[in-house]
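Could you put together the complete structure from these sequences and hints?
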Amino acid sequence: MEQIEFDYPSKRKVSRKAHVGVVGSGDLEVLLEPVEGESSHVFVRTSVDGFRDTWKAVLDRFFAKYDGVVRIQINDAGATPGSVLLRLEQAVEVSEQ
Amino acid sequence: MSYERDDANSINRQSFIELDARERAKALFDVGTSRELLGPFDRVESPWLSMQGVTPQADDGCVVMKGKISGQAAVVVALEGAFQGGSMGEVSGAKLTAALDLACADNEKGVPTSAVMLLETGGVRLQEANLGLAAIAEIMASILALRKHAPVISVTAGTVGCFGGMSLAAGLSSYIVLTREARLGLNGPEVIEQESGVDEFDSSDRALIWAIHGGEQRYATGLADALVEDDTQQLADVVRQLIAKGVPPVHRSSQVALYRGRIAALDTSRQWEPRELRATWGTSSSVEEKP
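Protein chains in written order, with the working numbering: chain A, 4 to 100; chain B, 6 to 296.
Calculated directly from the structure, the hints in this document are not laboratory data. Where is the CB? At the ideal position from N, CA and C, for every residue including glycine. Mixed in with the good hints, there may be bad ones.
[Claimed, not checked] Cβ pair distances, simulated, as ranges:
{"hint": "1", "chain 1": "B", "residue 1": "Leu42", "chain 2": "A", "residue 2": "Pro12", "range": "31 to 41 Å"}
{"hint": "2", "chain 1": "A", "residue 1": "Lys16", "chain 2": "B", "residue 2": "Thr38", "range": "26 to 36 Å"}
{"hint": "3", "chain 1": "A", "residue 1": "Asp56", "chain 2": "B", "residue 2": "Tyr8", "range": "46 to 56 Å"}
{"hint": "4", "chain 1": "A", "residue 1": "Asp63", "chain 2": "B", "residue 2": "Lys73", "range": "42 to 52 Å"}
{"hint": "5", "chain 1": "B", "residue 1": "Val252", "chain 2": "A", "residue 2": "Asp56", "range": "56 to 66 Å"}
{"hint": "6", "chain 1": "A", "residue 1": "Leu88", "chain 2": "B", "residue 2": "Arg265", "range": "49 to 59 Å"}
In structure tokens form, the structure reads like this:
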């Protein structure tokens, strides 16, 4: 298991937290919480080692569109980059409802 | 109680099996009455998994919800079969035990509170071996304490099924609800094949597995109290009916003489077919009437 952390500059206040997904094979769990400040923190725990660059690429793409100030925790059980992005978007959808 | 297959309605019904543990638990309560206890944001997760290189889940695969069912207080504990096969570790076990104990305390204070366990589990989590075993012992003690006051209902819908130590927990509950897709048994098919060989049990033979462990067979041999379709509404209705029924006069697990008698009367010099057992052991309703 590998732990990876990232920070992204953000501005917009988010009102609700969101939890989506499950740590099942090929899937992941996302916990998204509003925080104070001007930076979002992402904490990833993944069962598959050695994919730091791929995680960075997926999260760079996500934060290119998303501007909420949040803390995101990802517990991953080998999800594909596509699944990761879909789960992140689902978490945003739940938190903006 | 058993429900006839209604294939015409299969498109309209909402599957229970396809729901995750949190959605399953919520679906059983009166609308708007449920709240989750120790949810994922409380981050009470297994301390042991990450030490062994396994990604933990923020709720340890155990969802506890309190609310009202038919206007009466109830707690629902749902195990997430997709996370580590729904296995019981130190944290998930403690959550289930604490939920049952709090329900028991409420009953003793005069607030009738029943419990529903949604069991999709292979039993003890091997990464937490002894702690998982201890947890299951505690769960069983808590079920025995609670079931004197209020019904404890086990539901296994599938697709994981209910095996290992948690099948004992199911066995102690007041009522067992299964679907045709569910499996219930102490040793799972792979374990039997591994221990006794493929001649004893072929774990790749799905028809054989369901003929023995399947929900329909368990119901038909009197080892379950209700057989339901994979239908959320129907399942919620059956749980309501069983709660209304209250504590059974005699629990299945107290009928020691009946089950010893059944085993003693079985001629083991020949191979029995699962269908013959249905005729010999009958349905659960006939079991309930015999003390």
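How the hints compare with the structure:
1. Leu42/B - Pro12/A: 31 to 41 Å: holds (36 Å)
2. Lys16/A - Thr38/B: 26 to 36 Å: holds (31 Å)
3. Asp56/A - Tyr8/B: 46 to 56 Å: For Asp56/A and Tyr8/B the Cβ distance comes to about 53 Å; the hint holds.
4. Asp63/A - Lys73/B: 42 to 52 Å: With Cβ atoms ~46 Å apart, the hint holds.
5. Val252/B - Asp56/A: 56 to 66 Å: holds (59 Å)
6. Leu88/A - Arg265/B: 49 to 59 Å: Holds: the Cβ-Cβ distance is about 58 Å, inside 49 to 59 Å.
Of the numbered hints stated above, none is contradicted by the structure.
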